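Those protein sequence lines, which keep their order, are chains A and B. At position 101 of the first sequence the residue is numbered 101 (the UniProt record's numbering), and the sequence of numbers has no breaks. At position 169 of the second sequence the residue is numbered 169 (the UniProt record's numbering), and the sequence of numbers has no breaks.
The hints are simulated quantities; they were obtained by calculation from the structure and are not laboratory data. Here the structure is a predicted model, which is why all the values come from computation and not from measurement. Just to be clear, a hint being listed does not mean it is correct.
Said to hold, decoys possible - Listed below are the simulated SDA-like cross-link pairs for lysine to any residue, each with C-alpha atoms no more than 20 angstroms apart in a straight line:
(1) B:Lys20 / B:Glu113
(2) B:Lys109 / B:Leu237
(3) A:Lys25 / B:Leu125
(4) A:Lys116 / B:Phe240
(5) A:Lys116 / B:Gly232
(6) B:Lys169 / B:Leu237
(7) B:Lys70 / B:Glu102
(8) B:Lys70 / B:Tyr105
(9) B:Lys68 / B:Leu125
(10) A:Lys116 / A:Asp51
(11) A:Lys75 / B:Arg38
(12) A:Lys72 / B:Gly89
(13) A:Lys25 / B:Ser119
(14) B:Lys109 / B:Pro66
(15) A:Lys25 / B:Ile122
(16) A:Lys72 / B:Arg93
(17) A:Lys73 / B:Arg93
(18) B:Lys109 / A:Pro24
(19) A:Lys75 / B:Asp34
(20) A:Lys73 / B:Val248
(21) A:Lys72 / A:Ile137
(22) A:Lys140 / B:Arg31
What the hints assert, rightly or not - Examples of chain B residues toward chain A, derived with CB under 8 angstroms:
(23) Ala127
(24) Pro206
(25) Thr214
(26) Arg218
For every residue, glycine included, the Cβ atom is placed at its ideal position computed from N, Cα and C.
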Amino acid sequence: MTIVEQIITSFIASAAFVIIFNGPKRSLFHCGLVGMIGWILYFLLETNGVDMVLATVIASFTIAIASQYFAKKYKTPVIIYSVAGIIPLVPGGIAYNAMRSFVENDYNLAINLAAKAFMISGSIAIGLVFSEVINQIIRKSKLKTIVNKTH
Amino acid sequence: MEMEKQETYDIMAVCLLAGKIMLQSGAETYRVEDTMMRIASSFGAYQSHPYVTPTGILFSVEGNEPTKTKLIRIVERTTDLEKVAQVNGISRRISAGEFTIEEAYKELKKIGESGSPYSVWIHVLAAAVSSGCFLIMFQGEWRDFFPAFITGGLGFLSLMYFHQLVPIKFFSEFSASLLIGLQALFFVTTGIGGELDKIIIGSVMPLVPGLLITNAVRDLMAGHLISGLAKGADAFLTAFAIGAGIAVIFSFF
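Bound conformation, chain B alone (with noise of 0.2 angstroms):
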């Protein structure tokens, strides 16, 4: 009996840390609570009832013995989809039956403990290129290009700072398009760009909450209500700051 028991402990713990990572990642609802019950279920586990919001998971199993319940908060979310893969990839192994209960807690500990496959001048680099390919995208002249790339580039890394210097993503992001808004005015005053709307546009388009919006819409479709507000609210939250960043600038221009 208190063998058992120990074992379901082991299961949930393994469920959870899954299920914490994804979260943390970027994945969407439905795919963390499917893989968090996959793998209940693969290692005996039947009646598993995840309930995932993306502050918090809340889940619990049921057996023979009286049901054990589990909540953990999640604090910090990031966009990791690499992680998500390697995830996903664990419970595919999981339900394929190679792993036993240890070694796929150890084998996704290894997962939520590793960095990014990125460096950050990296990230900055894809930033910039992204930015300068936005503006010809969205029709703009291939003379804003550079200043699209510079002021891309230097914006997220002014978003990856501030972050790291106050944890709050409100301060961080309205700061970073305050930077993005002033180096485009720099750019356009100094005549070395041409339309101060269109460097704007692309060089925020790596700070915009895209993602956000589209699965917070994506939740709510699917019945997830309370993680699509929530996600919306997210998403809104970030567009305000970018909007209040760029909206002091041209309160000043």
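Extracted from the complex, chain A is given alone in its bound form (with noise of 0.2 angstroms):
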């Protein structure tokens, strides 16, 4: 039942995202599709006690694997499909957290939140460029590139 719940909200989540962020209509469906597939991931790996940050980097090499099939397939940039996607992993409750421990004057639990938010921005940004740079091999072993390094 809660996978049900998950899918589907975070389905509609990160299509609205690309609303707020004035994507073109077009791709709504397939954004909310790169964001489910993320979370949805993100979120069995989860609770089923992998490491968040081990499980937020595979689930944004995912989202980024996506994003390129998506972008590629449709001529448009790989940001609009990859924003969609790695939003429901942005640690703002964690961060949240953290400003609420500082308020409270709980510092130790504060640093140790915010070390872990920043600790998780870092690794969807490392999921992001890893799946980049194996494009990026699988492009170039394939000789495509050398015609456009010519002048």
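Since each chain comes alone in its own frame, lean on the hints to assemble the complex.
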């Protein structure tokens, strides 16, 4: 039951976020799909005891691959899909709790949580960059880019 | 000779306009630089050096004549992915040789002046819906869905309103999150809402600078150190504004 809930809400939330960011209307469905895939993967890993940071890396890596697929297929910039995908992973809740602990003078917990939020946003970026690098390696090995490099 | 000079300036104008629209709409630094270089080289300026930071673009074109350089300032930054996609499409068509310089400039100008594809109310509705959905994603109860829906929607509306009133990002974000905190407190004290924390987290998600944080780290990794640091500072300021707004509520609560 929870998983169905999560699938539906993550799809709607990701698509709604693309509207907030003025994304193209024709890509709303795919954006929702990318967001859903990423979030469900993260959710399943996290509830099964995988470390949050590792779960985030894996999820954002998958999001980036899905985004690149859609971007290539529909000839739109990758960022449109990847933004929708990563938004649910952004450590908003942890950052909020960190801030709250700061206000309540619990500095130990606050620094703890802030470091965690930083680690997670770093791992989102690592996941994205990783898949981009792999994508580039694959493309370069096909010797497609040599033509563009000549001038 | 005179003719060629004019042309270089025209090429630069097209590239800078494209870069400006993309940067203002939230494209990544490398994408802006890449697009500008591609446009320049498809119009025959093979040696071009764009230098892009979040607050300005420096662009110079080398050729037979002395190198020409231009700088433009970027003041207003929003997120408008539709425009990024459109400029990207134009750049593709320029590379394919479908446009003359003048046509490209006109086309880009049209994109730059076009408004958002969605109305304000659609934006507010989207913010409201996503707030409610985030509440569920963060393991909130269904009875809190409605409070989060209202709080997130009104919070986002107030963000846009305050931003129009005072064009300082920090204040509009601070005031919006203050309002979100107040509303969440209202719902919880009247017994309509259950968990204060969950409602607030769900509702501030539309304000959270997730895109900026991630872009900042990516820029840093790609070696765009200035852009990365600037975006990081921007994101930190936003996060701080949101945190401070909520913190004020807690200090009274």
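Q.
Given the hinted pair Lys72 (chain A) and Arg93 (chain B), is their Cα-Cα distance within 20 angstroms?
A. 16 angstroms, holds
Q) Hey, Lys75 (chain A) versus Asp34 (chain B), does the alpha-carbon distance stay inside 20 angstroms? A) 16 angstroms, holds
Q.
For Lys73 (chain A) and Val248 (chain B), compute the direct alpha-carbon distance and say whether it is at most 20 angstroms.
A. 47 angstroms, violated
Q.
Tell me if the straight-line CA distance from Lys73 (chain A) to Arg93 (chain B) falls inside 20 angstroms.
A. 17 angstroms, holds
Q | 20 angstroms Cα cutoff - pair Lys109 (chain B), Pro24 (chain A) | A | Distance of about 19 angstroms is within 20 angstroms: holds.
Q. Under the criterion that the straight-line Cα-Cα distance not exceed 20 angstroms, is the pair Lys20 (chain B), Glu113 (chain B) satisfied?
A. 12 angstroms, holds
Q | Status of the Ala127 (chain B) interface restraint (C-beta, 8 angstroms, chain A) | A | 6 angstroms, holds
Q: Verify the proposed pairing of Lys68 (chain B) with Leu125 (chain B), using a straight-line Cα cut of 20 angstroms.
A: Violated - the C-alpha atoms of Leu125 (chain B) and Lys68 (chain B) are around 47 angstroms apart, more than 20 angstroms.
Q) Holds or violated: are the alpha carbons of Lys109 (chain B) and Leu237 (chain B) at most 20 angstroms from each other? A) Violated. Lys109 (chain B) to Leu237 (chain B) sits at ~32 angstroms, over the 20 angstroms cutoff.
Q | Restraint outcome when Arg218 (chain B) is required to lie within 8 angstroms of chain A by C-beta distance | A | 5 angstroms, holds
Q: Take a quick look at whether Lys25 (chain A) and Ile122 (chain B) sit within 20 angstroms of each other, Cα to Cα.
A: Distance ~12 angstroms between Lys25 (chain A) and Ile122 (chain B) Cα, so the pair holds.
Q) Has the given pair, Lys140 (chain A) with Arg31 (chain B), been kept, meaning a C-alpha gap of at most 20 angstroms? A) Answer holds: Lys140 (chain A) to Arg31 (chain B) is near 19 angstroms, not above 20 angstroms.
The structure does not agree with the numbered hints 2, 9, 14 and 20 stated previously, though it agrees with the rest.
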